[in-house]
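Protein chains: 2
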Amino acid sequence: MGGDVGPAAVVPGVLAALHGGVDCDLVLYGQQARVAAELGGAGAEPGIEIIDCNQEIPMDAAPAQAVRATPDSPIVRAMRDQRAGEVDAVVSAGSTGAMVAASLLILGRLPAAERPAIATFFPTVRGETLLLDAGANTQTTAELLLSFARMGDAYCRAMHHVASPAVGLLNIGSEPAKGNDLAVQTHQALRGSELNFVGNVEGNEVMVGECDVLITDGFTGNIVLKFVEGVAQFLNALARSGRLEPQELEGLKAFSVAIKRRFNYEIYGGAPLLGVAGVSIICHGRSSALAFTHAIRVADQQVRCRLPDLIAGALSGPAGREG
Amino acid sequence: MGGDVGPAAVVPGVLAALHGGVDCDLVLYGQQARVAAELGGAGAEPGIEIIDCNQEIPMDAAPAQAVRATPDSPIVRAMRDQRAGEVDAVVSAGSTGAMVAASLLILGRLPAAERPAIATFFPTVRGETLLLDAGANTQTTAELLLSFARMGDAYCRAMHHVASPAVGLLNIGSEPAKGNDLAVQTHQALRGSELNFVGNVEGNEVMVGECDVLITDGFTGNIVLKFVEGVAQFLNALARSGRLEPQELEGLKAFSVAIKRRFNYEIYGGAPLLGVAGVSIICHGRSSALAFTHAIRVADQQVRCRLPDLIAGALSGPAGREG
Chain U
1 MGGDVGPAAV
11 VPGVLAALHG
21 GVDCDLVLYG
31 QQARVAAELG
41 GAGAEPGIEI
51 IDCNQEIPMD
61 AAPAQAVRAT
71 PDSPIVRAMR
81 DQRAGEVDAV
91 VSAGSTGAMV
101 AASLLILGRL
111 PAAERPAIAT
121 FFPTVRGETL
131 LLDAGANTQT
141 TAELLLSFAR
151 MGDAYCRAMH
161 HVASPAVGLL
171 NIGSEPAKGN
181 DLAVQTHQAL
191 RGSELNFVGN
201 VEGNEVMVGE
211 CDVLITDGFT
221 GNIVLKFVEG
231 VAQFLNALAR
241 SGRLEPQELE
251 GLKAFSVAIK
261 RRFNYEIYGG
271 APLLGVAGVS
281 IICHGRSSAL
291 AFTHAIRVAD
301 QQVRCRLPDL
311 IAGALSGPAG
321 REG
Chain X
1001 MGGDVGPAAV
1011 VPGVLAALHG
1021 GVDCDLVLYG
1031 QQARVAAELG
1041 GAGAEPGIEI
1051 IDCNQEIPMD
1061 AAPAQAVRAT
1071 PDSPIVRAMR
1081 DQRAGEVDAV
1091 VSAGSTGAMV
1101 AASLLILGRL
1111 PAAERPAIAT
1121 FFPTVRGETL
1131 LLDAGANTQT
1141 TAELLLSFAR
1151 MGDAYCRAMH
1161 HVASPAVGLL
1171 NIGSEPAKGN
1181 DLAVQTHQAL
1191 RGSELNFVGN
1201 VEGNEVMVGE
1211 CDVLITDGFT
1221 GNIVLKFVEG
1231 VAQFLNALAR
1241 SGRLEPQELE
1251 GLKAFSVAIK
1261 RRFNYEIYGG
1271 APLLGVAGVS
1281 IICHGRSSAL
1291 AFTHAIRVAD
1301 QQVRCRLPDL
1311 IAGALSGPAG
1321 REG
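Chains as they are written, first to last, in the working numbering: chain U, 1 to 323; chain X, 1001 to 1323.
Hint data in this document are derived by calculation from the structure and do not stem from the laboratory. Computed from a prediction, not measured in an experiment: that's the story for all the values here. Glycine included, C-beta positions come from ideal geometry on N, C-alpha and C. Accuracy of the hints is not assured; some may be wrong.
Computed cross-link-like contacts, BS3-like style, restricted to lysine-lysine with a CA-CA straight-line distance of at most 27 angstroms [to be verified]: (1) Lys1178/X / Lys260/U; (2) Lys260/U / Lys226/U; (3) Lys1260/X / Lys260/U; (4) Lys178/U / Lys1253/X; (5) Lys1178/X / Lys253/U.
Residues of chain X clear of chain U, computed beta-carbon distances all greater than 10 angstroms [unchecked claim]: (6) Met1001; (7) Gly1021; (8) Arg1034; (9) Pro1058; (10) Ala1084; (11) Ala1166; (12) Glu1194; (13) Lys1226; (14) Leu1252; (15) Phe1255; (16) Ala1258; (17) Asp1300; (18) Leu1310; (19) Ser1316.
Put together the whole structure using the sequences plus the hints.
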């Protein structure tokens, strides 16, 4: 039911995942009638089940309260079913706050994870960088950011098959003493860790850099993430503004197609919430069917590689790490 | 002498400003021989003077120490001459840290300005937004950010002739309670002020929004500012990567020309340092002659409208403001 489009985007995404070779069963949580109508004849296919849910989590509600107040909402029922072992992963384009709250309250944290982090992917010249935290935490500490770096490191090893992920710290200068107190302390913590820490990464290096994992607090991470979306909105507004000459407008259109084809958030599917005892993937409110397809594929991959276990291991591994 | 290019960019910029109708005398601080060579025959023109300086501030030195250690560097001599009333404004593409330190140590703060802020311009669909602080302060408070808002408000009134500048707060959500402690407290301070506060502005709204002034701490501001530069570097790298098809590459090129023509930082000239007792404009290290021309024009305009006095008034005005 989640996202700006609801079942009209989710259901085609689910079907595309099933028909595109993702080998899993899919359980759709939502209003039976609306979901069934969207499924049409496909409702009878094997591997698809509908769980009728009769509550909704309002997008603007205080997350933890909303989760407690809506036991029959799709996110809460799906998380409960994951907790009970009925499903292995939850993918949703509902409220980010509700997904974080439901994951924490129902799945719980991994043993050594003090807080979860939202991981998100930035396109780079080389491929992509995993940025976290993209907004699960507004208050944070160097120890917390170190734990996020370990989670990101484990993610890149397991999911992207990177042998020794390069970990960077988003900061306002390259020297270790640059930045606010949090950035200076986090630099020290990362440098003293077992991770392949490559140092501070400035804002202009995010998309041209060589990091596999880029660490930042959830406030800065969220603003940078949304800023990228804003650039696309700015270009769209510019195209419609009437201020471009015909050949410039044509150039912008050709360029937009190229960018969209290669760097659309759709191909990343969604943002995994790392640090919870399960698989929880938060999709953008504007997710298309293609984005859902990829999110389901990523969820499937996370389940198969037992990502939560790998992250738990990374956080409380044999190296005598704290936590 | 400052910037990546030195006199080869500064001197043509100076000449273009003079010939383009900026009605002021220009004093060039630098190595006499190099500057004179660059000036050539133009050295004999009225309105141009060279002050021979025989020290340089290294780009990577600790700013305050470097300023104290190089009394014969161009930035230090120019600031001293401004302090003495020999010149009215200083424009430089030298080290940002050295410009901030020299402005503070030599010009001093305006009476009610606890700290200065670097103001910078973001292109928006509508025109531009003045973002501050872009990096003068890594540690900050709500009171400090409120004073930055007042400085930005005064700037837009005096320099852009905006009657009641719309002031926004960069944050991770629209609700007043969103964000970290600093953001929540700053929201309250701005809402309770005499300013035309339009609320929180999310990352995606920076370039499509309606703000005249956008307030943020120097850490976040610096990362967002540099991120924008990174998008341009990313596009350049993409163009050279061989990963684009011919028509996409052509589109990208046409698009880049359009963007550069309308939104090049060169047309903004430089970033004014607000809150110091004088006019201090920090140019990007990669500033072209055109950027220097515009920076000189903006400096001239700041002097003529007595911007420092207006900012001092805004900070300690009749409304019984603190400070």
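Taking the hints in turn, this is what the structure says about them:
This hinted pair does not check out: Lys1178/X and Lys260/U have alpha carbons roughly 31 angstroms apart, beyond 27 angstroms. For the proposed pair Lys260/U and Lys226/U, the alpha carbon gap of about 16 angstroms is at most 27 angstroms, so the pair holds. Straight-line distance between C-alpha atoms of Lys1260/X and Lys260/U comes to about 21 angstroms, which keeps the hinted pair within the 27 angstroms bound. A C-alpha spacing of about 36 angstroms is found between Lys178/U and Lys1253/X, which places the hinted pair above 27 angstroms, so the restraint is violated.
For the proposed pair Lys1178/X and Lys253/U, the alpha carbon gap of about 36 angstroms is over 27 angstroms, so the pair is violated. Non-interface call for Met1001/X relative to chain U: holds, since the shortest CB-CB distance, roughly 22 angstroms, exceeds 10 angstroms. Listed as outside the interface, Gly1021/X is consistent with that label: its C-beta sits roughly 26 angstroms from the nearest C-beta of chain U, beyond the 10 angstroms cut-off. With a closest Cβ-Cβ approach of about 29 angstroms to chain U, Arg1034/X is found to remain outside the 10 angstroms limit, as its non-interface label requires.
Residue-level check passed: Pro1058/X sits 13 angstroms from the nearest beta carbon of chain U, beyond 10 angstroms. No beta-carbon of chain U is positioned within 10 angstroms of the beta-carbon of Ala1084/X; the least distance is around 33 angstroms. Distance check on Ala1166/X: its Cβ is at least 17 angstroms (rounded) from any Cβ of chain U, clearing the 10 angstroms threshold; non-interface status holds. At roughly 27 angstroms from the closest C-beta of chain U, the C-beta of Glu1194/X stays outside 10 angstroms, upholding its exclusion from the interface.
Distance to chain U contradicts Lys1226/X as a non-interface residue, since its nearest Cβ pair spans about 3 angstroms, not more than 10 angstroms. With a closest Cβ-Cβ approach of about 5 angstroms to chain U, Leu1252/X is found to fall inside the 10 angstroms limit, against its non-interface label. Consistency note on Phe1255/X: stated as away from chain U, yet its beta-carbon is not over 10 angstroms from all of that chain's, at 4 angstroms minimum. Not every C-beta of chain U lies more than 10 angstroms from that of Ala1258/X, the closest at about 4 angstroms, which undercuts listing it as non-interface.
Remark: the non-interface label on Asp1300/X is consistent with the geometry, its nearest Cβ contact in chain U lying 28 angstroms away (cut-off 10 angstroms). Non-interface call for Leu1310/X relative to chain U: holds, since the shortest CB-CB distance, roughly 29 angstroms, exceeds 10 angstroms. Non-interface call for Ser1316/X relative to chain U: holds, since the shortest CB-CB distance, roughly 28 angstroms, exceeds 10 angstroms.
The structure is inconsistent with the numbered hints 1, 4, 5, 13, 14, 15, 16, although it conforms to all the rest.
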